[in-house]
Amino acid sequence: MKMKAAIIGSGNIGTDLMYKLERSPFIELTTMIGIDPESDGLKRAKERGYTTFDNGIQGLVDNPELADIVFDATSAKTHVRHAKILKELGKFAIDLTPAARGPFVSPVVNLEENIEGDNINMITCGGQATIPMISAINSVADVSYAEIVATISSESAGPGTRANIDEFTITTRRGIEEVGGADKGKALIILNPAEPPILMRDTIYCEVKNMDEQKITESIKAMVERVKEYVPGYRLKQEPLFDGNRVTVFIEVEGAGDYFPPYAGNLDIMTAAAVKAGENVAKHLAKKLSM
Amino acid sequence: MKRNSNKPIKLTEVCLRDGSHVVRHQFTEEQVRAVVRGLEDAGMHYIEVAHGDGLGGSTLQYGRSLVDEMKLIEAAVEESKNSKIAVLLIPGIGTVHELKQAREIGAQLVRVATHVTEANVSAQHISMARELGMEALGFLMMAHSAPVEKLVEQAKLMESYGAEAVYVTDSAGALLPDQVRERIKALRQSLDIEIGFHAHNNLSVAVANTLVAIEEGATRIDGSLRCLGAGAGNTQTEVLVPVLQRMGLDVGVDSYKLMDLAEEVIAPILPKAQEIGRGSIVMGYAGVYSSFLLHAERAGQRFGIDSRDILVELGKRKAVGGQEDMILDVAAELAKQKA
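Chains A and B, in that order, give the protein sequences. Using the numbering used here, the letters of the first sequence map in sequence onto residues 1 to 291. Using the numbering used here, the letters of the second sequence map in sequence onto residues 1 to 339.
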């Protein structure tokens, strides 16, 4: 049994989500909601036969049967309003904005403990790319400090990220600590304008309390495989490096090339993680319904 | 000296920020106090104090500070009276929180630095600095790497956010005098605010470039005593000031006192004399961010390869400022290829 879903926000993120949800065996995308009838996302959704609304969330309020799960790819300010409405409608919200009304979630780290709620937040692209690694290291070696450097192509950094880059560094730091399990975190972001655009790269430095090179390497590699299930282009760029109590991990993220070009692994990993989380939520809801 | 500006020259001594790279961010409070006392006595206009990579730069990526930069800024503020204390902020590394903290303890000016093509990440920090009552200047790094029109477009963005000056920042020490002239001139013709110039001496033309910049109309000028800055250091302050004097431009800073400070206080801080070594020459030649030097030397030793090969490869891959993590990655890759 597939659960129904809607996307609110017909911009780049929402449109990429549409293509990914189309392939999902657990979710049936029914609806795309925007506010601009001329937006490329709404046009594409209409062409593909989805119900579309250009009057924002009101479309869903009037037709609540269209979705059990709602992906919100609008803005932080808008999601604050949406979160309340979706709660009243009894919908499960997957929030891709920085609003974070619900708990931070990385699908391979802490989704299960938040699945009974009704709103989860996807942190940041840098968080989705690095928190699984930190969690993998933390689970075997106890991370006292984790620092990540996310380098993305200038082309893939949208105006929202650029206007509030502090939000990225601060939110990612919190995710490193709250979800990754590091006692203390720090996040850096670098934009690189090279042409052709570079793939997203992430470097993760962890200082650990219980160094065990073999265990850490195994844990990292197992986690890479789990992330690969939903981001096939997620890979280790080098073997992990060890110095004293420090481990350094180099990751490269190539996107699936749905709506975004493949170099924009940072955008792809956000939508892929949201879909992965949405699928697990859908399976959970379906199981509850069948009981 | 003929200048295309009638505004006074404002000098900023950067050794306590750019020089942080050279000492691997191990400045002590006593060193900072001694340097600031000397600069105050010499009449320096601005003194920049921060981690080498700006506020919040104390990290595994760049190297941890021995002493919290806020403590160093506080000490510098205590030692200065007429000299103003400046800080550097690179969005993506530091945030407005560190900026507010620096302001509270007495920093009066911030240079908000971005890669030359990415000025629009600086809007929130420049406007916040103005709100906090600080002087806010834009700092366009790796200025050699973009066409002049791009530089002008990005500088205008910073002007629109409220920057009171925009710097041409030659982070790689790659610009030659004609290229400096072309850039300063283009900015002068397009901006209403002041223009600054920050040099690195990797190709031994920092003083020459600075003179050209001043002639063309730059009025915010950076230097470091004894070249205490990343790579081969910056325009050597205690050389620049007497050169300007010879050219009939008195900037109001005492050159004897600068020389004494360089000789007696800065020289003992330097791990070794700031000669233009092979790594620095290659950085200037290949257009590589100057603070990569010591990281590349360490990575070269670790992986048994020539650090120049690492630097040249980083140049080819168009690494931008702040991408120190790429040094280890590239070194590991080159070592693998060699094996």
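Any given hint could turn out to be false.
[As the list claims (entries may be wrong)] Straight-line distance between alpha carbons at most 30 Å, and here's what the computed DSSO-like set of lysine-lysine pairs gives:
id	chain 1	residue 1	chain 2	residue 2
1	A	K237	A	K209
2	A	K228	A	K4
3	A	K228	B	K71
4	B	K316	A	K237
5	B	K318	A	K237
6	B	K338	A	K221
7	B	K272	B	K2
8	B	K336	A	K228
9	B	K100	A	K77
10	B	K100	A	K237
11	B	K336	A	K237
12	A	K77	A	K87
13	A	K87	A	K209
14	A	K184	B	K336
15	A	K288	A	K237
16	B	K71	B	K318
17	A	K209	B	K71
Because the hints were derived from the structure by calculation, they are not lab data. Computed from a predicted structure; not experimentally measured.
Here's how the hints hold up against the structure:
1. A/K237 x A/K209: 25 Å, holds
2. A/K228 x A/K4: Roughly 25 Å separates the two Cα atoms, so the pair holds.
3. A/K228 x B/K71: 44 Å, violated
4. B/K316 x A/K237: 18 Å, holds
5. B/K318 x A/K237: 18 Å, holds
6. B/K338 x A/K221: 25 Å, holds
7. B/K272 x B/K2: Status violated; Cα separation ~37 Å.
8. B/K336 x A/K228: Measuring from Cα to Cα gives roughly 25 Å; hence the hint holds.
9. B/K100 x A/K77: Satisfied, since the Cα-Cα distance of roughly 24 Å is no more than 30 Å.
10. B/K100 x A/K237: 38 Å, violated
11. B/K336 x A/K237: Status holds; Cα separation ~12 Å.
12. A/K77 x A/K87: Since the Cα atoms of A/K77 and A/K87 sit roughly 16 Å apart, the hinted pair holds (cutoff 30 Å).
13. A/K87 x A/K209: It is violated: about 41 Å lies between the C-alpha atoms, which goes past 30 Å.
14. A/K184 x B/K336: Violated: A/K184 and B/K336 sit about 33 Å apart, past 30 Å.
15. A/K288 x A/K237: 41 Å, violated
16. B/K71 x B/K318: Violated, at roughly 35 Å.
17. A/K209 x B/K71: 28 Å, holds
Checked against the numbered hints given earlier, the structure breaks hints 3, 7, 10, 13, 14, 15, 16 and satisfies all the rest.
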